[in-house]
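A.B. asks: First to last, the protein sequences are chains G and V.
Just so it is clear: in the first sequence, position 110 is 110 by the numbering used here, and no numbers are missing.
Just so it is clear: in the second sequence, position 355 is 1355 by the numbering used here, and no numbers are missing.
I should point out that these hints are in silico values taken from the structure, not numbers from a laboratory.
Glycine is no exception: its CB is placed at the ideal position from the N, C-alpha and C atoms.
Watch out, some of these pointers could steer you wrong.
Unchecked claim - From the structure, some residues in chain V lie toward chain G, with a derived Cβ separation under 10 angstroms:
#1 LEU1064
#2 ARG1068
#3 ARG1069
#4 LYS1259
#5 SER1260
#6 ASN1262
#7 HIS1314
#8 HIS1337
Said to hold, decoys possible - Which stretches of chain G does chain V cover? Using the computed rule of at least three CB atoms under 8 angstroms from a CB of chain V, they are:
#9 304-315
#10 331-339
Protein chains: 2
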Amino acid sequence: MSERFVVIMAGGRGERFWPKSRLATPKHLLPIVGDQPMLTQTVARVMGVVPRENVFVITTEAQLAGCRRACPDLPESNLVAEPTGRDTAAATGLAMLLVKQRNPLAAFAMLPADHVIHQVAEYRALLQVAFAAAEADEKLVTIGIKPAGPETGFGYVQQAGPWREISGRAVMAVKRFVEKPDLETAKGYVDSGQYFWNAGMFVWRVPVVEAAFKAHAPELYAGLAKLEGEANSGGWSAALAHLYSNLPKISIDYALMEKSANVVVVPATFDWDDVGAWPAIAKHFSPDAAGNVVSATGMVVDGANNIVVSDDGHLTAVVGASDLVVVHTADATLVVHKDRAQEIKALLKLLEADPAKRKFL
Amino acid sequence: MSERFVVIMAGGRGERFWPKSRLATPKHLLPIVGDQPMLTQTVARVMGVVPRENVFVITTEAQLAGCRRACPDLPESNLVAEPTGRDTAAATGLAMLLVKQRNPLAAFAMLPADHVIHQVAEYRALLQVAFAAAEADEKLVTIGIKPAGPETGFGYVQQAGPWREISGRAVMAVKRFVEKPDLETAKGYVDSGQYFWNAGMFVWRVPVVEAAFKAHAPELYAGLAKLEGEANSGGWSAALAHLYSNLPKISIDYALMEKSANVVVVPATFDWDDVGAWPAIAKHFSPDAAGNVVSATGMVVDGANNIVVSDDGHLTAVVGASDLVVVHTADATLVVHKDRAQEIKALLKLLEADPAKRKFL
Chain G
1 MSERFVVIMA GGRGERFWPK SRLATPKHLL PIVGDQPMLT QTVARVMGVV
51 PRENVFVITT EAQLAGCRRA CPDLPESNLV AEPTGRDTAA ATGLAMLLVK
101 QRNPLAAFAM LPADHVIHQV AEYRALLQVA FAAAEADEKL VTIGIKPAGP
151 ETGFGYVQQA GPWREISGRA VMAVKRFVEK PDLETAKGYV DSGQYFWNAG
201 MFVWRVPVVE AAFKAHAPEL YAGLAKLEGE ANSGGWSAAL AHLYSNLPKI
251 SIDYALMEKS ANVVVVPATF DWDDVGAWPA IAKHFSPDAA GNVVSATGMV
301 VDGANNIVVS DDGHLTAVVG ASDLVVVHTA DATLVVHKDR AQEIKALLKL
351 LEADPAKRKF L
Chain V
1001 MSERFVVIMA GGRGERFWPK SRLATPKHLL PIVGDQPMLT QTVARVMGVV
1051 PRENVFVITT EAQLAGCRRA CPDLPESNLV AEPTGRDTAA ATGLAMLLVK
1101 QRNPLAAFAM LPADHVIHQV AEYRALLQVA FAAAEADEKL VTIGIKPAGP
1151 ETGFGYVQQA GPWREISGRA VMAVKRFVEK PDLETAKGYV DSGQYFWNAG
1201 MFVWRVPVVE AAFKAHAPEL YAGLAKLEGE ANSGGWSAAL AHLYSNLPKI
1251 SIDYALMEKS ANVVVVPATF DWDDVGAWPA IAKHFSPDAA GNVVSATGMV
1301 VDGANNIVVS DDGHLTAVVG ASDLVVVHTA DATLVVHKDR AQEIKALLKL
1351 LEADPAKRKF L
């Protein structure tokens, strides 16, 4: 067993939880589900799998201070800010270099900062299995989620039968990674029983992922090599500021996963929810008899299946209306139909286009 | 022509405009339509018809300070607070006594404080006609509104053919006053062409209305006589505190109008709207192409026919939802379907029943 690390990817903008989430306080810095920020919960969840010194967080300049507050137990230098967002392949490269500087033969898991997982013991056990799979052979390991339905918001992983069994858990060979499908295609995937959701959770050893970069993303590989050299001589801060924005901007799925033949998938045996938007929080709370999920100073009269998020003593009342999400914050309030939550992005574009309203982003 | 007075009835609770309206700031103290409180607009509207010294406002203890602020040009003693609400017959009696103390032969108009009337010149002309009608004979005069539809929220006045013409305007004899009808009955009223809405606007001379009290509401008449005696000897404040709460609690329609044979109606020739609830404000503003009425810091994305009231720099955004009224205030926010605005009362009952939430009333 090589030394193990976890790198938590905490750079999302969290637009879908506006107005609670803002540029400087995205979803992973908010207690969307649970009492602590999602990032804090994510760090706590990997304790026991790796030592705290081996947990990195990759975030943005704007969110760095917030991430530090959310991770008081991590060494400050383990929190690293990308100067600009360069998509997930570059972030994976940065993660690889951070781990490599500590231990060039180590394995590391890349984990999103903002998922909800309640079954922590099983999660830790499964993560150990994924580490073991990554260490057993020259494999790129992903943790696959059994689809709860034909979601079009996720990429999918097609398995190709059993690869090995580790600690009593099946690990499957992977036939291919596919991008977000349309609804018909997604239905076919789910019906086939061969597909998992790609939840963006990966485990691999530094030499294995580095070889994959070299083989499938040579331009990015070259850029990372340069970054590594400058970081080793002058430190991360200057190296990132100087070189990071030049890295190719592509996703890890497109750069590596769709092109690699040495991928295996560990089917998740824990509960999992990415809580992708406001309507998704309902299942994590106890609704009233009419299906309303209502926070402390919210109220619903003659309405069903509403979500009302109101705090700091502000009363928010929904009367004679159903299937709404209503979120009150100190300076902005959102009322959105549950089926239209994806249109929050259109609202945010309007805010961005209006100088008088940019402060609400 | 006898001396003329106007008594503005400004005691409504304005529940239907919660959360803008509260116990101490009901609808008539808010600029629901227009830039000034509805009461201020009502006072301005009668200027030119009567001198400002002849304008009284009857309100409640809780609203007295707010009414004073809304009527800075009226003599302070012209604003009188009922110690408790005793319905409109007692309020009419109080109005009568206030006017009688100034001039026992005067005529006075009783006018609600919170109606919207844009055609002020025509309104003033019509009010002069109503005064002239009241002074021409021993008549109880009401101003009737031509029904815009079979509303069940108003009482109706059935006319019985022409009585006189005054200044070129028809005044009609009245067959009867009827209470709020059900929808079928209201449709029949409207179809007949014989009915007006009873908008609670009355004009009469002191001796005529006093005789009506004596004939049709003797218990109230006796109570008013006692109140008059105490007010003349010891002032209004003590007399009201001592006696007002003992007056019978009945409506002016039931106590006098439905029982009197000497009623005439002046059909209104001005625009009129009682703006009974939030959905009714829409027609007084310019909607966007999708029919949304949105205040300064409100926004609607992909929704139609919403009313969004948001100010003080707070952003209120409606996304993917239609036919809602959304009202944001500093401590409370309401989201109500346009067709369910009457259920705001059920919400307010819940607030009243919860000690922790009474502060929002």
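A.B. asks: Compare the structure with each hint and give your call.
C.D. replies: Hints, verified against the model:
Taken as an interface hint, LEU1064/V does not check out: its beta carbon lies about 26 angstroms from the nearest beta carbon of chain G, beyond 10 angstroms. Given the 10 angstroms rule on beta carbons, the hint for ARG1068/V is violated: about 29 angstroms separates it from the nearest Cβ of chain G. Restraint check, ARG1069/V versus chain G: the minimum CB separation of about 26 angstroms is more than 10 angstroms; hint violated. This hint is violated: LYS1259/V has a C-beta 38 angstroms from the nearest C-beta of chain G, more than the 10 angstroms allowed.
For SER1260/V, the suggested interface contact is broken, since its CB lies about 40 angstroms from the closest CB of chain G, more than 10 angstroms. Annotation: ASN1262/V was flagged as interfacial toward chain G, and the flag is violated, the nearest CB pair being 44 angstroms apart, outside 10 angstroms. The beta carbon of HIS1314/V comes within 6 angstroms of a beta carbon in chain G, closer than 10 angstroms, and the hint placing it at the interface holds. The beta carbon of HIS1337/V is positioned within 10 angstroms of a beta carbon in chain G (closest approach about 4 angstroms), and the interface hint is therefore held.
Counting residues of the region 304-315 of chain G whose CB lies closer than 8 angstroms to any CB of chain V gives 4, so the stated coverage by that chain holds, three being the minimum. Coverage of the region 331-339 of chain G by chain V holds. Counting CB-CB distances below 8 angstroms, 8 residues qualify, and the rule asks for three or more.
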